[in-house]
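Read off the chains here:
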Amino acid sequence: MNNLIKGEKHDWEMVIGLEIHAQVKSNSKLFSSSSTKFGSLPNSQVSLVDAAMPGMLPVINKYCVEQAVKTGVGLNAKINNYSVFDRKNYFYADLPQGYQISQYKYPIVGEGKVTIDFKDGTSKDIRIVRLHLEQDAGKSLHDQNPSKTYVDLNRSGVALMEIVSEPDIRTPDEAGMYISKIRSILMYLDTCDGNMQEGSLRADVNISVRKPGDEYGTRCEIKNLNSIKFIKQAINYEAKRQIEILESGGSIEQNTMLFNTSTGKTRPMRNKEEAHDYRYFPDPDLLPLEISKEEIGKIKSSIPGLPDELKNKFIETYKLSNYDASVLTAEKQTSDYFNETINSDSELKNHAKIVVNWITSELFSLLNKNNQDLNKSPVSPENLGQLIKLISTNEISGKIAKDVLEDMFSSGKTARQIVDEKGLQQVTDQGEIAKVIDEVIAENPKMVEQYLAGKDKLLGFFVGQAMKLTKGKANPKMLNDILKQKLNKKN
Amino acid sequence: MYKSSLKQTLKDLDTKKISIRELNQDYLNRIKENENLNVFIHFSEDNVLKQIDNLENDNSAKKLKGIPIAIKDLFCTKSMPTTAASKILENFNPTYESFVTQKLLDEGSIFVGKTNLDEFAMGSATNTSFFGNTINPLSKENEPLAPGGSSGGSAAAVAADLCLGATGTDTGGSIRQPASFCGVVGIKPTYGLCSRWGIAAFASSLDQAGIFSHNVEDASILLQSIAGFDQRDSTSAKVDIPNYFENLDDDLNGKTVGIPKEYSIDGTPMEISQIWEDAIKVLEKKGVKIKNISLPHSKYALPTYYIIAPAEASSNLARYDGVKYGFRSDEIDSLDEMYENTRAQGFGREVKRRILIGTYVLSAGYYDAYYLKAQKVRKLIADDFNKAFKECDFIVTPTAPSAAFPLNEKQNDPIKMYLNDVFTVPASLAGLPGISIPFGKDKNNLPLGIQILGKHFDEQQVFNAAVSLERSYE
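Top line first, the protein sequences correspond to chains G and E. The numbering of the first sequence is the numbering used here, which starts it at 28 and goes up by one. The numbering of the second sequence is the numbering used here, which starts it at 95 and goes up by one.
FYI, nobody ran anything at the bench for these hints, they're computed from the structure. Glycine included, C-beta positions come from ideal geometry on N, C-alpha and C. Do not take every clue at face value.
[Claimed, not checked] Calculated from the model, a selection of chain G residues having no Cβ within reach of chain E, i.e. all distances over 12 Å:
{"hint": "1", "residue": "Gly82"}
{"hint": "2", "residue": "Lys115"}
{"hint": "3", "residue": "Met223"}
[Claimed, not checked] Residues from chain E that face chain G, not an exhaustive set, calculated with beta carbons under 7 Å:
{"hint": "4", "residue": "Leu122"}
{"hint": "5", "residue": "Ala155"}
{"hint": "6", "residue": "Ser298"}
{"hint": "7", "residue": "Ser299"}
{"hint": "8", "residue": "Asp327"}
{"hint": "9", "residue": "Lys418"}
{"hint": "10", "residue": "Phe421"}
{"hint": "11", "residue": "Leu474"}
{"hint": "12", "residue": "Ala476"}
[As the list claims (entries may be wrong)] Covered stretches of chain G (chain E as the covering partner; in silico rule of three or more C-beta atoms under 8 Å from a C-beta of chain E):
{"hint": "13", "stretch": "84–98"}
{"hint": "14", "stretch": "124–132"}
{"hint": "15", "stretch": "323–329"}
Looking at chain G on its own, in the form it has when it is part of the complex (with noise of 0.2 Å):
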């Protein structure tokens, strides 16, 4: 595989490092009893303690902490007995307490790692450093008024867990395959909505470009990207202005980026030297966090079951690819509809690959089109089972279970009543169709003889008039073997 981009001069390397910031889905904030609910009215989510009135002091949300710890597991990682939440001090609008209670020395969770899997078959792992619980900052409003600022505090105090990879990232298709892993993982786990739009999960990318081979070159880290197209945007973005710089003999200064969605570029937002003294220190308002080993064993014995788990059971079961089971993993949705669609009818369990192809290519691209989520499919399992039925009994060709699928998805009708109503099904009658065969033949003597003369392709357009007369109901297979039958019968 190679992962190098061409410079001017050489060949580059990317090293891309993430930062993932997931918002813990918790009814309640990290240190206070208000609701997390996204987009209510302004303020309307504030405690006492989210806007840092005097004396007021946070309380650890414990659902937060097992949420945490099953994203630890998730992340085959390091639970950690002892953590210890630090605050890190600095001054913004939208930071109440002039501080973000985090943690710095001591993570909940510590290494861990994830597999993505490519379309070639071949996976690879990347390494998690470490998982932690923070708070997030209010909102700045900067459009609400041309000469102020406004501030919306019903962000201020929700639970975060930043999730840091090591650099061991090379391409932007790995960096959006590593971070669809993280939310799939995630979303099985229910402990993140894996929301992007709504800014539930958002990624800060480190990258630096080295020659293969050499060391680490310096880095520079786009913030707060909250979508895997602007990712894959950044980077690209990001290493080539690094690449023109160090081919034009300059060097990379460590700093701080903002992406341009508009744009498609990076710019620098500070400068190493700017950077923040964040000045962290044990929150003295908060003892160390302690989860005894029996605590982290009751959550990970509640944890159901992960993506990769999963994928190895449809590998193991069903005989699938390691490409076509991610693909079925990847959300939690997919594995469920394809669970229940192969339950639904015994046969179809020797048909697991028709199945795949049916829910990846064929719903997918119907959901796709009209906009629509999988969770919203108008075609349920037990629906698409019945049409994948009716294709591995021959009651219907593929082709015209494209067509029936299409109905169903509009009309809401099963695939049933559709090849019932509009006399969909196959047709198998030997008789008949020799029949339909010998009026094809009839009616079109010069074909004939060209084919007898050797021109083998015309078979295709012998098929053609007779699936046409046929209404594309003839089966497949006997039309061809009665036709090829007959014409050689001529010869």
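Could you slot chain E onto chain G? The hints should help.
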């Protein structure tokens, strides 16, 4: 005008010797007569009268029903503004009631007003307040004396009989030292005994609420009222609160008192060494075994404290930024300027000094040398006490290195001012309970205090030793 102890007043109210209205009217009158002491940042006669009206219509039995109490203006209160003696919180009206004051309200006490303090409790003379100095009621006419600090207003309020008890907070000595200066009793309980919820924070790992009163019995009654677990404070302790008053026992026969040699500091006035010796002699007579102990790391307590407390303060006070509440400078052209001007104009000199010290000791490159080291020393200091308490039941020391000093002394010498805390700070760092009781006078007839320290959550032993010494002194 009625003037008595809390215990006696409760009896007099019970026997209808005096009514709640008569009682509080007398205290109101005395408050008005003593306005020159500048004890209160907030005082409203109407507010007090309203509370009296409410209580008169309340037939339920309450432990402190009708008792006039003064509240240090660091406790957030719904019925009165809360300033922390700072311009930055001038006119701040909390919508919530602190845990401690709520408990006092639940018991039926009447809040006479909010007392003066050093700005954000940073000081030892109540002279860094935005609202001016408080004057020690024991001052002679031509020589105003400092009441000590930071809870100087509360200590003075009790000393001048403007209330029957007052709340204070103690971070490095802010209850015990002013109690000593004003000749009243002041107890700082074990860290975690009283919830910090609703107290504007100075140094979270040290701040602890406590009580000022006329005598040890009164202190035992009031402390029980404000103590208790609070789930809103993660550092609040889940311990049973005994009935300190009922359990008071001045028989110390067979107990052991620890006398730490490190508390004999060069330059301590003779009179102070003398009262310390007197106290030891009294205890000896009562059958207490005298045990010389060593707290070898005590000499590092003051520098340790002046690293940890400012470090926490620099972060705790970051919330006063002009964005959400309190003072905001008018001179603003940018967000940075809003911070700079608001905080430059809103905080006083001492607060700014400590924020700078705290920011410095936490900053990159200095953290290990200062803050981290201070935390290690703090642990050693606590270990010293733990070891010592294996050999003794309580420890007796002087409270402060001097009697009340003139108001304007030490104004411009922060180090000298910080030395006031030399005897009180070690117990603060160790989180131990400590009480100061008046014990003897200096040559100018000013009161001096003896400090009694106890094991964690052994307030009862502290009270017992204190009441025993107090009764023998009287």
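Any hints from earlier that this structure breaks? Give me their numbers in increasing order, please. 1, 2, 4, 5, 10, 11, 12 and 15
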